[in-house]
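Asker: What follows is the residue order along each chain.
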Amino acid sequence: MNAHPMAERRFRSKSDTDAAGAKIYALAAEIYPICRSITGDGVRQTLDILKRQIPLETVEVPTGTQLFDWTAPQEWSIREAWIKNDQGIKVVDFAVHNLHIVNYSMPAHRFMEFEELAGHIHTLPEQPDLIPYRTIYYAENWGFCMRHQDFEQLKPGTYEVFIDAERFPGSLTYGEYVIKGTTDREFLLSAHLCHPSLANDNCSGMALLTYLARQMTAGAPPRHTYRFIFAPGTIGSLAWLSRNESRLDQIDHGLVVSCMGDGGGPTYKRSRNGKAFIDRAMAIALRDLAPEATILDFSPYGYDERQYCSPGFNLPVGLFQRSLFGTFPEYHTSADNLDFIRPKHLALSWEIIRYVIDIVENDWTPLNLSPKGEPQLGRRGLYGAMGGDKRTAEQAMALLWVLNLSDGKHSLLDMAERSGTSFQDIADASRRLKGAGLLVDARALAPLDA
Amino acid sequence: MNAHPMAERRFRSKSDTDAAGAKIYALAAEIYPICRSITGDGVRQTLDILKRQIPLETVEVPTGTQLFDWTAPQEWSIREAWIKNDQGIKVVDFAVHNLHIVNYSMPAHRFMEFEELAGHIHTLPEQPDLIPYRTIYYAENWGFCMRHQDFEQLKPGTYEVFIDAERFPGSLTYGEYVIKGTTDREFLLSAHLCHPSLANDNCSGMALLTYLARQMTAGAPPRHTYRFIFAPGTIGSLAWLSRNESRLDQIDHGLVVSCMGDGGGPTYKRSRNGKAFIDRAMAIALRDLAPEATILDFSPYGYDERQYCSPGFNLPVGLFQRSLFGTFPEYHTSADNLDFIRPKHLALSWEIIRYVIDIVENDWTPLNLSPKGEPQLGRRGLYGAMGGDKRTAEQAMALLWVLNLSDGKHSLLDMAERSGTSFQDIADASRRLKGAGLLVDARALAPLDA
Amino acid sequence: MNAHPMAERRFRSKSDTDAAGAKIYALAAEIYPICRSITGDGVRQTLDILKRQIPLETVEVPTGTQLFDWTAPQEWSIREAWIKNDQGIKVVDFAVHNLHIVNYSMPAHRFMEFEELAGHIHTLPEQPDLIPYRTIYYAENWGFCMRHQDFEQLKPGTYEVFIDAERFPGSLTYGEYVIKGTTDREFLLSAHLCHPSLANDNCSGMALLTYLARQMTAGAPPRHTYRFIFAPGTIGSLAWLSRNESRLDQIDHGLVVSCMGDGGGPTYKRSRNGKAFIDRAMAIALRDLAPEATILDFSPYGYDERQYCSPGFNLPVGLFQRSLFGTFPEYHTSADNLDFIRPKHLALSWEIIRYVIDIVENDWTPLNLSPKGEPQLGRRGLYGAMGGDKRTAEQAMALLWVLNLSDGKHSLLDMAERSGTSFQDIADASRRLKGAGLLVDARALAPLDA
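Residue numbers (full-length UniProt numbering), protein chains in the order written: chain E, 1 to 450; chain R, 1 to 450; chain P, 1 to 450.
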């Protein structure tokens, strides 16, 4: 019991939801151990695992390629990294945890006194039992991360630092997968894949999108074309944008997803536009499924929505998370591990995205063919039996709302917004009323309501 | 003391208000005992009583007449209805209370065991001392309503059921009364008359509108034409609409009124438009007279505003009530009787509607003839004496507001909204300033501000 | 310590602010003792003191000149005024406090019994130790004001009243000072100068504007032309308006200032327009410097914004005060003295006005030259060092906001509003980004954003 805080309002069956949570979790667990970075084999290994689920394309962008104001960085590989004390004992070892090395560190092999070494070591004095996550993409330096409690045990003396890493010309790698819809209007779903062993902050997003893509691939072709991007943060989305600039005007909706597995939030940050269809659809999805959610206005700090929403593109792309980045204590530490994410939380995140896709796919604008007064629902068998329960009353209200607002100026999403009735009830009512011959499509010539 | 919660803010004299409350109550009491339904002699008897106050027209719509998606129903008459137990004692008797019969029941004369009989009996287990009100318009069946505490006394055994009722081709009846104004722009006021012995939920509305109509008839012709409709719920308003479709574009304002006599609310539900003049005028009337009021957005469930506001008509008609339907425990029970409604509550409801009519009648758009700086009010005797009290200060503020906003773009209603000053004070100030030659009518060629 | 409640958010140096507070206070103290009225030598003496700071022009408007609906009043002079009891002892004496005489009183020399005299005496029974401030501009009468506790000591008997005053044809006097900017678009700053010995309610405003004008004169020419008006309330602003009607369309922004020295508020009352640039700029200035401030909608009662915002002019002029007029117990009494105003409060008022001027002067609309994705700030040295503090993070966010919103449709003020970032941080970030070649002026041909 209590497996799902919103159990009463679920629109997916419990078995579907449980299956989704379990499978997304298993996939996240499979990619968690890999040491990813913005480039390198960790990225390719991750994409290879995802490829077992969906036939995604791996795109390689050569080092040095101009990506708007940026250039594709060098590849980074790392094999070994440790610090030994003067007794030859390893006091930090990359082999033990990916986070021990500052990500994208330069190679090094030096002996140095503790005082100098300390300048290369990052800890979290206020969370002494956690290893921080640090990167050094744009400087030629190196560093280690460790638990503050371990750091405090280090004694003065000479230490040996060894980092068998390499930065070299190669390529930046990202993954892309497309489900062709019956139209070429697109829904973009994007997750970052540049973080090593952080479960919520990148494994959960990749796993959820992969599961979703596999599931949608198995179904009938959707109305929209769905494009899934798995790319390193910032530079990866810039690479995709630079190679797809001519098709950006096909994107009607988009979500960046991350941190899908913790029990916080949900949190939605609106697109720069703020009133895009995706912003409205997410607001309704959260109202219907997770009214405890927080919706934030756009701000230019976060994940790849920063790039998608830069003024030169201004795409209708929002950010969907459970806990907002930077607000939970496990963020960017070794505590963002496989214990931190839970199948039931992944399941609700998946359900919310499915619901938004339902809105995007099923929104239409009905025209009432019997608009003068209410049509007599009783003789059409559309009213529930006398003394109906709360659910029956809700469904009857949905019928009345759809009839009242089907003046050809309100889409189903408009109706869900104005009525306070769930989108699913509005959609069901519209289907029944259309079936009874009371509604037709007001925009028969314009099937997409972008 | 404490006769009127808003005593300080009243704009009608106490004697006028007291008289209104007493007369409306007396009329409601007179029509309360009649067993109305959607058709039949109960409706005609009610209209005959109202005709003693105002010369309303009774309209008969033959059974079977097409009314948009509906047809005019058969007439219903009932003479006798009871259930006897196996000792021949009447355990329920329509002669005792109109609510004992399910309204519009088919005739019946049968002997049946308790088990079968129970399926035809409606009670309120959570309000065991009240008789519920139930109807069965659109099925060929019958039923009785009784106190749950009485129902629980019934013993197993054989019962005799007798209903001397009839459904037969005849007509649907409604009443209509028009006060011709100096223009043909209309204000529609509509009350339902299909409920038997329910005092708040239909007697109060009919009585209030009748009193109002009689009172307005005695005065000078208003600017608008006022149309009063007394009709059975749903089917009655559809009948009126179907016979008056060509004149609907004359309706500038409308109110459905019901439940005018309890001490709750007041409650106003906006028209479908939501920003119609009537919606704004009701908001100001309630702010000025009953700031404890609740204003709700339109929803397609309620009284005949459902029909007036269906998308094919979309008339500017709101719903005015004291307690909102369905929210008070007496609703649709035998407790909605003459003890439940009170003259003082009817008086405030009347006062609010009068106030809205004042707004509709007296709104205009002034143009300041001395718009550069404030005109010198002192030498025109428009400022109160030095050291004026609170009321004098309010009136002086009203003068300043009218002068400041009389740029030809603000009507008095606009000014009342923006200033927070009562409409009556704004109207009084405008009158004084016009008298002093400081204002003229900015829309002299367009007298109505629809 | 605690010298300034908003110390952390100050954008002026502490020494500048302290100097401003001290100098404004000293000037207010210098003009406090003068017995001003709507006309007469008190006005001229006050302007003469201000002229030692700024070369303002004194304008004389002859008595009887038509000023829209008004005429310029007679001059008033007063030399002596007292009441003696029957022992020849002065019980009230204008020489002791300017407020003892009702301002603009007619001359008088009479003996009268206490009963008649009492009709000419004003007191504050609820504030028995304070002398009220009263005026009698538009009637031919006279009066005295005194402490209620002193009034209660007066005994029956014959009193001698002597008022050596005069109303005579002369002129109405006001002061005007202009700082020419690089454009002729104007910012109007207006203070009233008609109140005798009231420190907050007129000395503080005159002193603050004079200090500001002197300071701005010493700097580089601003973009706007700044016009300072020191005029008697109502009639003085009407005089200025009537003589400057042809140039009113040059006024892009305006503030009436008064009550700048108490510790309340701050309070801003919007212009009649309500969404003028000045209204938005004041809202941001108060948000950034004094978030405890109250912002009120326009109402047509107050100071000279009543005239500037009359419908025939409708200028974008708001009212800036600390405590709102009429809301503090010292208002219009002898307690509005030099102890009531404090340098630190004057300093914050000055700082807020300077900030608004910064917004008006420095607002522009940037266009991002690298709008596709974020430009790489690191290689341009625009990002702070790793591990920056809170201030560094705020400045980095300001950079991101400016880049994101610099689509040619957002001015800096728009950005400050949308981002929640202070205008100064937005302006600083814009300057840095422009310096780095990332921004150009989107409205190069339209430098003013009126």
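Simulated from the structure, these hints should not be mistaken for laboratory data. Heads up, some of the hints might be wrong.
For identical chains, the list gives no copy identity; a pair is met inside one copy or between any two copies.
To be verified - Once the Cα atoms are required to be at most 25 Å apart in a straight line, the calculated SDA-like pairs of lysine to any residue come out as:
#1 K434 / R214
#2 K372 / Q66
#3 K51 / D164
#4 K372 / F325
#5 K409 / D86
Asker: Are the hints correct? Go through all of them and say.
Answerer: Going down the list of hints, with the structure as the test:
1. With identical chains, the CA atoms of K434 and R214 are never at most 25 Å apart, being 31 Å at best within one copy and 47 Å at best between copies.
2. For the identical chains of this complex, K372 and Q66 are inter-copy neighbours only, at 13 Å across copies versus 62 Å inside a copy, given an alpha-carbon limit of 25 Å.
3. Taking the shortest Cα distances, K51 and D164 never come within 25 Å of each other, neither inside one copy (29 Å) nor across copies (78 Å).
4. When the C-alpha separation of K372 and F325 is checked against a cutoff of 25 Å, the pair qualifies only between copies, where the shortest distance is 24 Å, while the shortest distance within a copy is 51 Å.
5. Within a single copy, K409 and D86 get their C-alpha atoms no closer than 77 Å, and across copies no closer than 62 Å, so neither meets the 25 Å cut-off.
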